[in-house]
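Here the structure of chain A is known, so what remains is to put chain B in place on it, guided by the hints.
Quick note, the sequences are listed as chains A and B, same order.
Mapping of the first sequence onto the numbering used here: residues 2 to 483, in sequence order.
Mapping of the second sequence onto the numbering used here: residues 29 to 248, in sequence order.
Please keep in mind that the hints were generated in silico from the structure rather than gathered at the bench.
Warning: the hint list may mix true and false statements.
Per the computed footprint, the stretches of chain A lying under chain B, defined by three or more beta-carbons under 8 Å from a beta-carbon of chain B, are [claimed, not checked]:
no., segment
1, 189-198
2, 466-474
Using C-beta positions, here's what the derived DEER-type ranges look like [as the list claims (entries may be wrong)]:
no., chain 1, residue 1, chain 2, residue 2, range
3, B, Met-129, A, Arg-298, 35 to 41 Å
4, A, Pro-468, B, Leu-138, 48 to 54 Å
5, A, Leu-94, B, Met-104, 55 to 61 Å
6, A, Arg-200, B, Gly-124, 51 to 57 Å
7, A, Arg-200, B, Tyr-58, 50 to 56 Å
This structure is a prediction, so every number in the text was calculated from the model and none was measured.
Glycine included, each C-beta is placed from N, C-alpha and C at the ideal position.
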Amino acid sequence: MSVPPFDPVTAVLAIPLGAAAILALLPGYRLASRINVAAAALTFLAALALLEARPTPGRFFFVDDLNIVFVVLSTFVGFTTSMFSAGYIAHELDTGRLTPVYLRFYHAMYQILMFAMNLALLANVIGLMWVAVELATLTTVLMVGVYRTHEALEAAWKYFILGSVGIALALFGTILVYMTAQPVVGQGLDAMMWTVLMRQAAGFDATLLNLAFVFLFLGYGTKVGLVPLHAWLPDAHAEGPTPISAVLSGLLLNVALYAILRFKMLLAANAEAIAPGPLMMTLGLVSLVFAAFMLYRRRDIKRFFAYSSIEHMGIIVFAFGVGGPLANFAGLLHMTMHSLTKSAIFFVVGHITRIKGTQKITEITGLTESHPMLGWLLIAGVAAIAGLPPSGIFVSEFLLVSSTFYQQKLLALVLVFGLLVALGALVMRLAGFAFGKPVGGMEPSRMSYAPIFLHLGFVFVAGIYQPAAFVAWLRHVAVLLG
Amino acid sequence: MASLAFDVSHLLAGGLVLLSFMLLYQDRMYALLNIFALHAFVLSLSIVWQAVIQDAPHLYVTAAISLLFKAVAIPMALRRLVQRLNIHRTIETVVGIGPTMLLGMGLVALSMQLMLSATAASDPLIREDMAFALSIVLLGLLMMVTRRNAVGQVIGFMSIENGLVLAATGARGMPLVVEISVAFSILIAFIVIGIFLFRIRERFDTVDVQALDRFRGERQ
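Just chain A, with the same shape it has in the complex (with noise of 0.2 Å):
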């Protein structure tokens, strides 16, 4: 018996499933974390691979260089989280919030979200690649509801409601497009492969594709957190534990928009059918205003800054919908920014309501005094996501406004009012959490600042200096997205 040669696609895949069949069965938190950390590891290095040797599309699965920066930023987010998550957890055992039972089923989870997220972004079939974020959906609706307190289990019922509504809009947009591609393409599964449907998109009846491109946006929309479908969001975040949130604003969020982009590159690719642009820059816009002026209203640390998500969510969809080169490079650019970022502001979230033991943001001040590291790890935080320079978030804000005001300029004002508007919630709100007097709890954090360093260094180093390699392959990637 020969041994296979090694695939980066089959190991992508297989290590979180593996890992999550083992940490189901496995008692005792330390170790569990540790496996669940490791894994997640190797899967980021599987993930690697794939830059060097790329495989030749199958059926099934396909790797190109568009989901091939998402594959990398969601292993590699989903191993720093693994990180945090070993510290936070550990602490959640101690308290009580958490029994070891549900441990386990926390840490498959885990897991098992992290084999979704990457089935669904190198899904070759758009059936198989609507079933993994159906799969995404229900077990991040599981961890929220987790703590099982009143809120939490609201929340996770919220987020089911709207999720699987969402997902059955896509389901029925997923559809129509293999109605769409059926008599060109003939039936099967032919019918439903990215690989040969942007081949053959020319040729599809556009009204019908159309049709289909309303329902998906609406769909794996309510996924994105769009606003008039955002209501799931700031309750799934703030109630679920802390790396959850981290995972949602970081990653979930990006593969629902990476199925909507999908979906655009197929118009695109359609002489007759209409220019999804106009649809994305709309409710990107209003999202970004929408969620820009709730800032000011949240009492609550974790749902201020998922707001914020969506925030950000609408000025990457606003990016995709102005569409142009450099208006792609800006979003692209945007996303990786944002889910780095977020992340990070969400680590030192949680171990600030670690400390305090709330979440309230009028208990939670003068962290810079009371906790140093963690108030200024807070103030960089919060400075790189409101776009301030020299963080990477800078970078593209800048170069997607003076896109806007090359191609729509009117519409480049709407967008810098509401930047400004989030901006000044989150100065607001920073002054308080990082200065005046320190209240609650005043011991040290014992968890490790690694990932939020790592997150962070990135991300103002990216608003420096950015590789030639990098910028080279984001270009050609926007390029592609039409």
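Just chain B now, kept in the frame of chain A:
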């Protein structure tokens, strides 16, 4: 044969839309469960008919899953749940029955208009099927919006899934992977919902979603 094939699938799909309307105005728990079981049963008949006319034996599997899980197992489980929780009395709705029915008719008219004009070039059988499927999906959404009760929302969600399965089987030659996954996801979704209902019961004395709404918004 061609016209018979069209007539029977038209009849079954139209029957599903009619049953969706019945779900919409039903205000007693057991009656709601019975009608949902009938909904799933008609759906499985429709899938069997599609399997016959498309000569696609794998659709029988889908039909069997639909019959066993959605027409028998799930209504039975929900019935036991309703008994245990003692919530078989009337179901509160957010909007009155009259306006709900009018809204439902509006949604069906909308989906007919939308689908029939969008699919002008397709096979008439597929066109009708898709138009009915969209109606069922929209009626299910309406039901989820107008029900306050968690069980009512679950039934609304499953009727949406029924509409989706109708669409998926109507589209010729759609790969098996998808149908099985749809059936699976319904199963998973049901387990999730079941767990939630029991957990909610552990914590509160009601499955009325409005009772949960007290905790909505910011914690002061």
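request  = For A:Arg-200 and B:Tyr-58, compare the CB-CB distance with the range 50 to 56 Å and indicate the outcome.
outcome  = For A:Arg-200 and B:Tyr-58 the Cβ distance comes to about 53 Å; the hint holds.
query = How does the coverage statement for the segment 189-198 of chain A fare against chain B, requiring three or more residues with Cβ below 8 Å from a Cβ of that chain?
reply = Holds, because 4 residues of the segment 189-198 of chain A bring their Cβ atoms closer than 8 Å to Cβ atoms of chain B.
ask   = Can the suggested window of 48 to 54 Å be confirmed for the beta-carbon pair A:Pro-468 and B:Leu-138?
value = holds, 52 Å
inquiry  = Against the range 51 to 57 Å, how does the distance between the Cβ atoms of A:Arg-200 and B:Gly-124 compare: consistent or not?
reply    = holds, 52 Å
key: Distance restraint hint 35 to 41 Å, applied to the beta-carbon atoms of B:Met-129 and A:Arg-298   = holds, 38 Å
Satisfaction of the hinted span 55 to 61 Å by the C-beta atoms belonging to A:Leu-94 and B:Met-104 = violated, 39 Å
task = Closer than 8 Å, Cβ to Cβ, for at least three residues: run that test on the segment 466-474 of chain A against chain B and report holds or violated.
result = Violated, because only 0 residues of the segment 466-474 of chain A bring their Cβ atoms closer than 8 Å to Cβ atoms of chain B.
Going through the hint list in order, the structure does not satisfy hints 2 and 5.
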